[in-house]
Amino acid sequence: MFYPKIKIVHKLIIPPLSAFILGLLFIFLMVSEIHGVQDKIQNLEVNLIPSVEKSTQNLTQLKNISEKFVFAILASEIDMLPTSKDAQNIEENLKAIIENRSLEMVQYPNIVKSFKSYFTFAHRQAKRMISHSEYEASASEALDLMKQYKNIENDFLNINKYLKNQIMVNTKAVKEITSQIIDFTIVFMVIFAFFLFTVSYVVYTDFNHKFRILKTKLEELDVLNKDDNINLNLDELSMLSMKINHNIETFKNLEKEKNEIEYLANRDQLTNLFNRRYIEIVHTAIKKNQVNFGVMILDIDFFKRINDTYGHDIGDAVLVKFAHILKDYTREDDIVVRYGGEEFVIIMQNISEKILFTNAERLRKTIEMTDFPKIDKVTVSIGLAFNTENYDIYESIKYADVALYQAKESGRNKVIVYL
Amino acid sequence: MRYLLILIILVGILHAKEDVKIKISVSSSCKLTTLDRMEIKEIFLKKREYLDGELIIVLDNPDKLVYRQFVKIYIHKTIREMKAYWMRMLFTGKTIPPEKLLLTKFNKDNDNMCYISYFRKNTKLKHWKTLEIR
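Listed in order, the protein sequences are those of chains A and B. Heads up, the first sequence stops at 423 in this note's numbering, and the numbers go up one at a time, no gaps. Heads up, the second sequence stops at 249 in this note's numbering, and the numbers go up one at a time, no gaps.
These aren't lab readings, by the way, just hints derived from the structure by calculation. Where is the CB? At the ideal position from N, CA and C, for every residue including glycine. Among these hints, one or two may not hold up.
Unchecked claim - Stretch by stretch, here's where chain A covers chain B in the computed footprint (C-beta under 8 Å, at least three residues):
1. 190-201
2. 206-213
Stated by the list, open to error - Straight line, CA to CA, 27 Å or less: simulated DSSO-like cross-link-like pairs of lysine-lysine:
3. A:LYS256 <-> A:LYS221
4. A:LYS154 <-> B:LYS209
5. A:LYS154 <-> B:LYS215
6. A:LYS72 <-> B:LYS146
7. A:LYS120 <-> B:LYS192
8. B:LYS146 <-> B:LYS215
9. B:LYS161 <-> A:LYS131
Stated by the list, open to error - Computed from the model, here is a short list of chain A residues facing chain B with C-beta under 8 Å:
10. LEU78
11. SER80
12. MET84
13. PRO86
14. LEU147
15. LYS154
16. TYR166
17. MET193
18. TYR422
Sequences and hints are given; from them, build the entire structure.
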């Protein structure tokens with residue numbers, strides 16, 4: 005597939021993905037806010053409103069009880085006195101308010117007990133008044149009765165007020181949270197729209213920029229004509245992508261073929277070492293970078309005699325084995341070249357004279373000690389030279405060749421350095 | 116004997132019909148000198164406790180005849196209505212009924228407070244002054 009297309013797809017995902025993440029965040033916040041509102045409303049519906057109703061009932065019932073006391077006294081009828089059932093209603097209401105947790109009971113820890121005490125006391129006073137036909141309590145008792153009623157009534161009023169206040173607080177909180185939700189939603193929508201617009205714009209700009217570059221490149225490669233009117237839309241992009249893919253496949257095949265040809269062009273077919281042609285490439289590179297190097301030129305002694313005695317097949321086998329030894333005993337960066345016939349050149353970069361000589365000597369000994377097929381032993385003569393002032397490989401090879409000639413002349417199987 | 120009985124009954128009826136004359140008095144330490152009828156009603160029903168910045172303490176006369184006459188003339192209620200009023204006040208925590216006046220105790224423990232009460236017009240009092248009714 006066309007590589008840039010994948011990148012484009014990634015970028016196209018950014019706006020909806022960001023929108024999705026922001027949306028999730030928004031929903032999460034909203035759910036927690038709405039949950040808060042629901043709690044407040046539930047508290048209102050389940051606890052506070054019923055509690056206020058009960059509290060209001062209590063105030064009315066307390067007044068009714070006091071009226072009953074007065075009527076019973078005036079009628080001198082004990083039977084008309086309020087009963088414990090009347091008091092029980094109030095007690096039950098108070099307990100229900102407490103159970104609903106609508107009331108901070110710290111403020112009214114003994115409210116039920118106080119009411120009971122008042123009722124009992126008032127009942128006893130009223131009964132005494134009726135049975136003794138005394139309509140005036142003693143000053144202290146009257147004062148006590150009045151105070152007790154006043155306290156109970158005040159408590160009931162305060163409870164009612166407190167509960168109503170709680171309703172107001174809760175209602176206000178609900179209004180505030182609702183208002184916050186609305187404000188937050190508006191702000192979020194604005195930010196969301198701005199963010200999406202920005203992200204989309206950035207992605208589009210980048211996309212468009214890449215598209216232009218692509219178009220220019222394709223025009224340069226003659227895949228597209230300058231007159232071709234290709235716009236930034238999916239159909240055209242798809243067509244363009246297909247065209248590019250096709251061209252890239254062709255290009256890749258050509259590239260592969262080119263590499264193969266280049267490889268073959270620089271290699272010796274028999275030994276798979278570099279051939280003489282490759283020296284030109286190395287020469288250019290060394291000259292350009294001015295790298296110090298040493299050249300080793302190797303010639304198999306009496307190779308013509310091997311060919312003549314054992315035939316060319318054995319001669320070729322000797323060459324192949326010889327090439328293997330050269331490869332095995334040189335560094336990875338060293339360039340081993342079959343220079344021609346039984347002549348080989350090794351170019352070693354960044355090497356001292358001493359090491360070059362040591363390597364050459366080691367090679368010579370290795371070859372001397374190696375058993376070659378059919379012919380048993382082979383020797384080699386080696387000429388060495390170093391880079392010249394102008395970093396010319398050909399010049400160095402020429403000097404190494406002079407040294408090689410001296411090695412041959414002086415009895416073969418020797419390493420001679422050109423001085 | 117029969118005539119005597121009739122005479123006693125007639126005297127009793129006449130006595131019962133007799134209108135008791137009432138005067139309103141305050142303890143001598145009070146600054147008050149005059150009151151109108153509305154103020155009297157409000158004070159004795161404990162709807163008003165202060166007059167010209169002075170705390171007024173109401174005392175009821177223990178004489179039932181005097182009480183009935185006072186209630187009738189100044190409060191415009193019956194005894195039963197008064198009872199109902201005070202019971203309601205008491206059982207609804209508003210206020211308590213006034214205490215009964217004990218003259219003997221009062222004379223001993225004159226505490227410079229301003230007390231107000233009502234008496235038979237001919238009652239002679241040591242530490243009290245009679246108010247002028249406007």
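The hints, checked one at a time:
no. : hint                  : verdict
1   : 190-201               : holds (count 4)
2   : 206-213               : holds (count 7)
3   : A:LYS256 <-> A:LYS221 : holds, 17 Å
4   : A:LYS154 <-> B:LYS209 : holds, 7 Å
5   : A:LYS154 <-> B:LYS215 : holds, 24 Å
6   : A:LYS72 <-> B:LYS146  : violated, 41 Å
7   : A:LYS120 <-> B:LYS192 : violated, 35 Å
8   : B:LYS146 <-> B:LYS215 : holds, 22 Å
9   : B:LYS161 <-> A:LYS131 : holds, 25 Å
10  : LEU78                 : holds, 5 Å
11  : SER80                 : violated, 11 Å
12  : MET84                 : violated, 13 Å
13  : PRO86                 : violated, 10 Å
14  : LEU147                : holds, 6 Å
15  : LYS154                : holds, 4 Å
16  : TYR166                : violated, 20 Å
17  : MET193                : violated, 59 Å
18  : TYR422                : violated, 134 Å
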